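Engineer: Respectively, the protein sequence lines represent chains D and W.
Under this note's numbering, the residues of the first sequence are numbered 1 to 508, in order.
Under this note's numbering, the residues of the second sequence are numbered 1001 to 1195, in order.
To be clear, the hints were calculated from the coordinates, so they are not data collected in a lab.
Hints may contain errors.
[Claimed, not checked] Okay, the calculated beta carbon distance ranges per label pair:
id: 1; chain 1: D; residue 1: Asp295; chain 2: W; residue 2: Arg1110; range: 24 to 32 Å
id: 2; chain 1: D; residue 1: Arg436; chain 2: W; residue 2: Leu1163; range: 35 to 43 Å
id: 3; chain 1: W; residue 1: Glu1116; chain 2: D; residue 2: Gly294; range: 36 to 44 Å
id: 4; chain 1: W; residue 1: Ser1130; chain 2: D; residue 2: Glu503; range: 57 to 65 Å
id: 5; chain 1: D; residue 1: Glu313; chain 2: W; residue 2: Glu1168; range: 28 to 36 Å
[Claimed, not checked] Where chain D lies over chain W, by a calculated footprint (3+ residues, C-beta under 8 Å):
id: 6; stretch: 1076-1082
id: 7; stretch: 1136-1142
The structure displayed is predicted, hence computed values, not measured ones.
Note that beta-carbon positions come from the ideal geometry of N, C-alpha and C, so glycine has one too.
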Amino acid sequence: MRGTAAIALAIQLLLLASWPQAQGTAPGTPLTLLSRDGRRPIPTIVLSGQELVALDDVAALFQVAVREDTLAGGLTITYRGRTIVVSTDQPMASVSGRVVALPSPAVRSGNRWYVPIDFLPRALGPIYDTRIDLRRPSRLLIVGDLRVPRITARVDMPGPPTHATIEITPTSPVVVTTDAGRVIVRIEADALDPALPAGGGGLIDAIRAGDQPLTIAVLLNERAGAARAVPADSGGVTRVTIDVSPVLPPNETAAAPPPVAAPPAAGTPAPAPPLFSASRPALQTIVIDPGHGGDDVGARGARGAEEKTLTLEVARRLRALIEMRLGVRVVLTRQEDRAVTLDERASIANNSKADLFLSLHLNTSLGGSVSGAEVYYARLDREGEDARRAAEDEGVALPVLGGTMRSIDVIQWDLAQARHVEASEVLAGILERDLRAQVAMSPRPRHEAPLRVLTGVNMPAALIEMGYLSNANQERQAQTEAYQSSVAQAIFNSIVEFRSYLESQRTR
Amino acid sequence: MKRRTYLQIGAGLVVLALLAWGVSRGLERLATQPESSAAADAPSVPGASVPRITATLYYGSEDGQSLVAVRREVPLAEGVVPQGREILGMQLQPAPSPFVSVVPEGTMLRAFYITERGDAFVDLSPEASSRHPGGSSTELLTVYAIVNAVTANLPTIQRVQILIDGREADTLAGHVDLRRPLQQDLSFVREPKVE
């Protein structure tokens, strides 16, 4: 009698323990369905350690028909004439006659049938119209051919300087910018699948999803100084390597020349070469001129795209690229939508003592079919040649500190470009080649012409027409992030190449 | 006797002067006759009796990408400046099919004159700038259609400066420098075509 009571109690305890499991529990993070229509949560339950999804939810989400099939001994799921039979007693399904293993059989709970979430990519995926991809770590169910790169990040060396890496798989175009103590990596994709570290290290407080969609933010702490981020593609992965230097003490400045090192003692290794050359770099300041602005809209496309807006957008992208990856000072002739006269633009470049001037524009044609980018450099006709000869012949010697004299070429201010026409022609050739590698060029890709904004700048200069707003396709294209980034990348590559040219001219 | 001799000499001089005038007029007519007959064949040109010359004018190609040199009949005028006005007047008119006008519609010639240095000044009405669609390419075509039309037909002129509404202008639409006289540039021109 006592034995019977003990067995009954044990059965009751077992039933009590198994009751919540039979009902299923909700997982900690819901599964998210990601498609061209957006995101939506998919309710799931965990039963006997398996994450399951209700078949009636699957029917509603994927427009499939579900019915119990006693003859087949399971459940039949039909989609556009294609059939899946899921077993209720074996962990398997028959997909159009082919057997697919599942982690568990279909389970009934209450009045609903559940299948393991792996059913979606393994069984439904092969008969569905578009790809179904289950990303378990990020709990994403991707439906359709979406670009959803996996993002991982790590602090490789806390330092300082701190070294970190963000990896994007598969390779994706990225744009890196800095914004008030943060490095922002914008990734060109439909969505991101991030697996980011909980904390940071060294001068980095955290690496986390950015406030804007499709961005990853690297948060720097108050001890952080300059940050440099360089993206590179290799082996199907885009790696953004980030180097953060500490803030320099107030008595040190970046421009200070390195101290003269004593000759190394015999037997000691030679010191590493200094990071910065004591002489002035060949390329220290670049002026980027976003064409038009304010009341001067510039060219306008049939769909309403305005030249003044697009030139500013590309100028900002280019500035971010140069500052982050070259560490060169960049001055924009206008930071916002305002009118700037052509003389003011030249004056900003000359007063900034810029080493390079790049004016950004968009073109029009009287025929709608013409498209492609073009590069212009200055031609100054007879006056320009006269001005250059006069500058060479009529140099002025001025006294300078220390009692010596310095020879200065005096050139007509509005023909200052006369001294740089050869270098500008080289620059235009480099730009044409690098642009051609990134975007389509017009049938007349390079011109020499008397362009007003170029004539008064006292440095190598070029004007880039990034495309034709009079062409409907190009108008649409010019407004996309991808096209603007490609143009900015091409110009950036040209700047790097032109810097080498300037350095080679110095050594001659 | 003396008086009769004077009268005979006078009459002879008058006859010689009349003959010289007649010969010069006849030669002039002979020189201009071919243009007149050619112009008569062109249905688009009114006033066929007016002496004409064939001038090379510049219009946009069908795709708007370059200039095309087109030979057209324009009225003959006495002197370089009046002839320049006639050429520019025709250049500013709508382009013959299938070409496109690179000068904005409604642009008028306000004045045309030549300096002692041989530079021509072409003064255009404000529509040349205010109605311009912009873009470096189109602006270059507009400017060089004018500059080339003057320099190609009036060989004594080497350079052309464009004025807008009687004043020096920086540019037409923000690109091409108009502050100085410009030389002929045929790099924007495709092969010539006879109308």
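Engineer: Are the hints correct? Go through all of them and say.
Structural biologist: Here is what the structure says about each hint:
1. D:Asp295 - W:Arg1110: 24 to 32 Å: holds (25 Å)
2. D:Arg436 - W:Leu1163: 35 to 43 Å: Cβ of D:Arg436 to Cβ of W:Leu1163: about 39 Å, so the range 35 to 43 Å holds.
3. W:Glu1116 - D:Gly294: 36 to 44 Å: Check passed, 41 Å falls within 36 to 44 Å.
4. W:Ser1130 - D:Glu503: 57 to 65 Å: violated (46 Å)
5. D:Glu313 - W:Glu1168: 28 to 36 Å: Since D:Glu313 and W:Glu1168 have Cβ atoms about 34 Å apart, the given range 28 to 36 Å holds.
6. 1076-1082: Violated: only 0 residues of the stretch 1076-1082 of chain W have a Cβ under 8 Å from chain D.
7. 1136-1142: holds (count 5)
Violated hints, listed in ascending order, are 4 and 6; each of the other numbered hints is respected by the structure.
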